[in-house]
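**Student:** Heads up: the sequence lines are chains A and B, in that order. Just so we're aligned: the first sequence equals residues 376 to 704 in our numbering. Just so we're aligned: the second sequence equals residues 54 to 382 in our numbering.
None of these hints come from the bench; they were simulated from the model. For clarity, every value in this text was computed on a predicted model and none was experimentally measured. A portion of the hints provided could be inaccurate.
[Unchecked claim] Derived SDA-like pairs: lysine to any residue, alpha-carbon spacing no greater than 25 Å straight-line:
hint	chain 1	residue 1	chain 2	residue 2
1	B	Lys259	A	Ala648
2	B	Lys195	A	Arg650
3	B	Lys142	B	Lys195
4	B	Lys98	A	Lys570
[What the hints assert, rightly or not] So the derived list for chain A, only partly shown, Cβ under 10 Å to chain B, looks like this:
hint	residue
5	Ser419
6	Leu501
7	His503
8	Leu597
9	Ser639
10	Val640
11	Tyr647
Idealized CB from N, CA, C, for every residue including glycine.
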Amino acid sequence: MSLIIDNLTVKLYTNFKKKEFFNVADSVSFSIQNGEIISVVGESGSGKSFLGLSLMRLNPPYISEISSGSILISDTDGFEKIDIVKLKENQLSDVRGRLISMIFQDPNVSLNPVIKIGDQIIEAILAHKKMKKKDASDVAIHYLELMRIDGKARFNSYPHELSGGMRQRVMIAMAMVLEPVVLVADEPTTALDVKTSLQVLALIEKMRFEKNVSVLFITHDLSIARNISDKTIVFYAGQIMEYGTTEDIINSPLHPYSISLTKSVPALSKDYAPRERLFVIPGSLSQSDFKSEKCRFYNRCFKRSKDCLNEIPLLKLSSERFARCVNIQ
Amino acid sequence: MNTGKKPEVLNINKLSKYYLSYGSLFNFKRNIIKAVDNVSFKVYKGDIFSIVGETGCGKSTLSKLILGLTNRTSGEIFYKGNILNYNLKKLNLRKKIQIVFQDPYSSLNPKKKIYKIVSLPAIKNKIIKKKDALQYSMQMLKNVGLDEDYVFKFPHELSGGQRQRISIARSLSVNPELLVLDEPVSALDVSVSAQILNLLLDLHEKNNLTYVFITHDLRLVRHMADTVCVMYGGKIMEISPVDKFFDGPLHPYSKVLLESILAYGPKNILQFADAGNININNININAGTGKNRRGCVYYNLCSRRMDKCINNEPDLKENGDVQVNCFFP
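In isolation and in its complexed conformation, chain B is listed as follows (with noise of 0.2 Å):
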């Protein structure tokens, strides 16, 4: 990949969200969630990036972040150069960056038509006259390899995969250069996530557009993505190509992840079961409360710690085209 040539749409500087949590109403000690700590990447023109990562590691903050849905406590997010802020009207920045999010049934009013639904954030951008909605929306649910008649219809009426479509028409409804796709397909059935990753394909080719590809399933990462980002307790683990990331990941995290697809050849279960073990007294540190956290944040499960990342917190480091974090990779 000729990553260096292509404009770089995103980019992403230090970022970092903290939350604080009460242990109790009257307990005024104060813990702070590092959900997403120090994140910096960058995500170029018409490139399929995904971010990989287990449940709780701060994946979907970071989509939000993206998405100004929350404040950022430090860093910044560039987007074509321009600082995000999506208060600002010169940039319209809401008509470039839109997201499909995971749930098709609760991510559709249940009230309005389906034709409603797609052209409003259309007519809200003055893309379009409100006259022209539904005439705008027939043409999009075409796009989305939907029929013209399914616009008069309500949310309810429709099947996951047919949702899943609607949520697509309308992010792209407003013509957006960037889509952010958080776990599309995860709450869909076998052939029909074939039919919507189909045709996130045939979108991406025909618009030109640039995903940010949120998922924990390392399969479909194999079969869409440039780039694959792996995150662990906030923090990224590794940056790479996807052929290098799936020929041998140099994180010991990303080898554990790899390792745990079932894909299609016979392997021993029986070996899984440990792994609660240490689950079960760490289960904090996949939120990252952070006291005592000087050191990696995967250093407890780690395969390969030393006594240098207890109290030494290891940087992204490029290696070639592969970013890593973790001093012994």
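Okay, chain A solo, but in the shape it has when bound (with noise of 0.2 Å):
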């Protein structure tokens, strides 16, 4: 196991005087082995790039804070264990990047456009090994070469410089060159072409086999879930209302807001007749939804029923699926 979270909540204040606030994330239990892609899918705003920022920290301070819970990171061989919700501020940059680290959804944000790609590679490896900046910049550039980048002739070049596909490689290789034992993927592929997101998808998966990183792989696309993950979480206002192997969930998904899902993707498999309507959600995600005291998917759900307006527990069916839903049969 090289990252287990245990009942993580996170409280995102709404009015910080009033203290007013709501869950994020609501007692958010799930684990990752060595070399494991879990991804998280969900419609936008449920709140899984916030537990992805949650898990290195980096929610917004003031407005947001891990209220319980704890995230362990272990090593690889299980040698240090580090509980990231205990660490002080001034120790956590020693974890980020070293154990745990991110690439983010816009590659054209998350570069700094006024500092060469190498440079900003090495920064990070400086900030954490003592090493000279010579055999720091190999290191980098073996890196690049990896994610099949010319690692040499682009060392010197700025974001501007580099295609969008290019620089979520350099991203990658930026994420990945200190070797962490977690990476978390914050929608990588969104902002790129069909080709580019599947060369991208497909060097996450190669640092997965050759460096034996775990990935928590957040997107909201079905079909990108399906190919690369092991394992899949159905994530919604804040909640888990699924968990199971990836072939489970999108084959025979259980909770009404997962069938939901797979149904309104037109898929390349035949389920849809050319021009057939396709099935809808009823309704929006908001935020009052957070706070219901009911199944949070009550509003927007086709089997609701009586036994829904209590709180719901994530129930266990076997050893490796869990439902929010108490209409399953």
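Hints are included, so try docking the two chains, each in its own frame, into the full complex.
**Tutor:** Right, dumping it as structure tokens:
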């Protein structure tokens, strides 16, 4: 186990003075093994990006805080065990990058436009290791080449000289350069083209095999989750709605929300006749859903009944399958 | 499809658009970028004609040319037999051809209320008088499935899906015959995009519209379109009816595109990791900087390339109802 998240609850204040808040992540618990890819799927606004940020304690200060739970991260040898929640602010920079690192959604914004990409990668190495600058640049070039970028030629280029796919690959190189245990990928392919996004996915997969990194892959595209991940978490309004192996979730979803999600994608399989109207989840996700005492999907659910009016725990169906619904046979 | 019987709406004949690029301010050598190069196709009434291709293949330039937003270098566009000329008041083409843009966040004026945004094209084209604007925009909003109260709101008060509905309502306010959809759902969430697609299909049936549907998502093409047109490097690679295209495309590039969809089937992603090796060296081919380019545009990436393809340029050849731009289909 490289990452164990237990009962993680993150508060987001809507009004700090009056102490009004809601939980963007509500008692989330799961664990990732070494070399495993877990994807988190859900609509935008369901709090999945916030979950990714909280794992690195990058959640915005003052308006949000981790109120309970633990994020236990351990070395590949099991030699070092750290609870990220308990770390102080000045200890965090030691963990970020070395044990856990992140790829952000938009590569156009997440690179510094006035610093050469080589220098940006070296900065991460030199912050953690005592190394000569020349050795560090060799490491950086090696990682750029792993990412299929001509390292020596591109080392001195600025971000604007690269295409979107290359920038995202530089981001992955930057995240992987210290060989972290866990990689959080927050929609790394949404801003990219079909073919380049495939390549980025393939390189993440390659890192998993070669460097044995565990990946938390946040996405809203079920077909990406289907192809890349071993397990899938269906996330809605700050709660895990369903959790299981990806194959089970895509082929036989149990929770009404997962069923609706899989239905609303015009798949290449011939589920839909041409021009047949697609399935639409009625309504939209609102902030009040995060606070509701009922099942959080109650207002939009097609299976709702009287039993749904109470808070529903995450039910264990089998050793690897959990769902938060009472109407499952 | 008995496309032969339908009247043709748009007839594009050997259309080209070249851009000049300067290496630097003092470099007088000019590169010609062929964004759209010798493109011809026909769109028939009531069809959904989809243009597919990766970023930089010229599909957006083509949509700009159809709308008269840029000047063409050579070639002709005919709209119902007349040469497309937006300056001729007699034809009043702005009333007949409209566009829905990709990003609903940047295509609406943030300073104006919704009813002004929706009714302005109709007032300018003298379909309604200014005093009827409110009434008219309420009716337009009803058509796209929005509440009438929204007329007094500002764009920032609406969600992405609602904004996209507004921009569809704006385009429909002049009762166009041809609607160019430039990636209308790629900026939207899964369930919201399902709603918008349903709306577009409903409007297509109800108003007997013709769509030029520009996208990079082949899943949507299979669901919606009649005809697929694959573009690469400013050229058309293949035009074929949807059924035939998905049964087995003839052009090697179309095959690559079709394989790169992450459909609901297990697929070995790792095979795409090497896609980059070629891409890095030939990054310019996408944009089509054509100095030594006498042969086929797709030569460097092609799986079926022969010596003949280096120096000879294939033409779009008719092969039944499929048109392929390849010597060895």
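**Student:** All the hints need checking, so say for each whether the structure fits it.
**Tutor:** Quick rundown of the hints versus the structure:
| no. | hint | verdict |
| --- | --- | --- |
| 1 | B/Lys259 to A/Ala648 | 19 Å, holds |
| 2 | B/Lys195 to A/Arg650 | 22 Å, holds |
| 3 | B/Lys142 to B/Lys195 | 30 Å, violated |
| 4 | B/Lys98 to A/Lys570 | 32 Å, violated |
| 5 | Ser419 | 5 Å, holds |
| 6 | Leu501 | 27 Å, violated |
| 7 | His503 | 27 Å, violated |
| 8 | Leu597 | 8 Å, holds |
| 9 | Ser639 | 4 Å, holds |
| 10 | Val640 | 6 Å, holds |
| 11 | Tyr647 | 6 Å, holds |
When held up to the earlier numbered hints, the structure conflicts with 3, 4, 6 and 7 and fits the remainder.
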